[in-house]
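Protein chains: 4
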Amino acid sequence: MANHGKKSWYIVDGWLPSQAELQNSFYEGHEAVMILNCHPVDAEVIMDIYYEDKEPIEGIRIHVPAKRVKCLRMDHPEEIGGIALQKHEQYSLKITSSVEVIVQYGRMDVTQSNLAYIGMMGYSE
Amino acid sequence: MANHGKKSWYIVDGWLPSQAELQNSFYEGHEAVMILNCHPVDAEVIMDIYYEDKEPIEGIRIHVPAKRVKCLRMDHPEEIGGIALQKHEQYSLKITSSVEVIVQYGRMDVTQSNLAYIGMMGYSE
Amino acid sequence: MANHGKKSWYIVDGWLPSQAELQNSFYEGHEAVMILNCHPVDAEVIMDIYYEDKEPIEGIRIHVPAKRVKCLRMDHPEEIGGIALQKHEQYSLKITSSVEVIVQYGRMDVTQSNLAYIGMMGYSE
Amino acid sequence: MANHGKKSWYIVDGWLPSQAELQNSFYEGHEAVMILNCHPVDAEVIMDIYYEDKEPIEGIRIHVPAKRVKCLRMDHPEEIGGIALQKHEQYSLKITSSVEVIVQYGRMDVTQSNLAYIGMMGYSE
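Chains as they are written, first to last, in this note's numbering: chain B, 10 to 134; chain X, 10 to 134; chain R, 10 to 134; chain U, 10 to 134.
Taking lysine-lysine and the DSS-like style, the derived pairs with C-alpha atoms no more than 30 angstroms apart in a straight line are: (1) X:LYS96 to X:LYS63; (2) R:LYS96 to X:LYS96; (3) B:LYS15 to B:LYS63; (4) R:LYS76 to U:LYS16; (5) R:LYS63 to R:LYS15; (6) B:LYS96 to U:LYS96; (7) U:LYS96 to R:LYS76; (8) U:LYS15 to R:LYS16; (9) B:LYS16 to R:LYS16; (10) X:LYS15 to R:LYS15; (11) R:LYS16 to U:LYS16; (12) B:LYS16 to U:LYS15; (13) U:LYS76 to B:LYS16; (14) X:LYS63 to B:LYS15; (15) U:LYS76 to B:LYS15; (16) U:LYS96 to R:LYS96; (17) U:LYS16 to R:LYS15; (18) B:LYS76 to X:LYS15; (19) B:LYS16 to X:LYS16; (20) X:LYS16 to U:LYS16; (21) B:LYS76 to B:LYS15; (22) U:LYS16 to U:LYS63; (23) U:LYS15 to R:LYS15; (24) U:LYS15 to R:LYS76; (25) X:LYS76 to R:LYS16; (26) B:LYS15 to U:LYS15.
Everything labelled a hint here was simulated from the structure, so no lab data went into it.
Build the full structure now, drawing on both the sequences and the hints.
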């Protein structure tokens, strides 16, 4: 039987690149966390943010509708409970959901004149 | 005992980059999903596509022959049941197979004058 | 108890990029498969190569010494049983070991004037 | 129940790129290993380094405080027990922790005039 994912996910290497659009660049530097909910019920998700040298911020609430994928821009505070992450600051994410989901992370870095990507599944349990 | 994979796979961060070939570029921007079937029997695969703000498209049928790898170009509708994905539209994939397979995802982005890659295994269960 | 890996591994998206060194490039385009053996005994590894439209090549023998990492260049036939992979040809790998190992894949593409990477763990079971 | 990770992790394809900053580059080439400890107790971590052709270096001690992420620069000997890794030398990592953690790896390569990334979760058991 397929569960359509897990209820606990982790991303370790969060780090917001510079955002400024470059000449000739279609893209804007950013990080995103994508959450896929294949269930016929909504997922109530809690996100915790861990840092290198200060207490975590816990309990950010995210709503992922039934049978939808939600894309969170980590540089858009209004999408992550009003938290404004600093550029070039290391952080990690713990994501807990009321129903099983699948979580993928992406970074698009356009600091230089051509983009570089990181893309990977989170760690789940 | 090796099962040669799993029957359920997920890719969360589908997003077709621009396709136009650039000057001096050997490459064409695309996404691909590769399905490896190590069994001596064919795999009958069902692909579902999830979106951010509309109902999923379910039940796309894919045939992966015995002891072969199949490479699906996500920008070629004829390879994915006639579905034409829009460029720059977020989507996710749920892949279910009659026998165990292994699924990998790749994105090649040549929007800028040099390519960037994402490559990773899907999430399986 | 840590097993130091698994005995079965898979890489799906094998594809040799062009190899020619570019002006000002320190690098040579290639793919590599790295096998880590943390055990105090040697690992006898069998590699099978799957294709899109022809029979797999099975039974390539690889030796990974005790407590060493082995780096296989996929464009060096002498490192993979004399098999000469074609550039730009899709292939997949099945890797089976006498003792548990960990297998990572890397692609370095320098077709354009700046490199792009893919790097990821294989799928294991 | 979420365990917040695993106690054993592996990274296979360690390889330090050149570090020199290029003209117009904000970045410095490096590899990093990030360890997330979500527990309310500190994690005592042991790192072993494996090579292609010499004995492993075992028993490097790393301290990861409770509810923090630790970012290790692999080109900074003072952060990894005084070990100076050579550039362009293949190595692998085995990481063992007193409590469950999550380990991610990153490489930033700026050898050419634009950066390339590798980013992925380690293998865990």
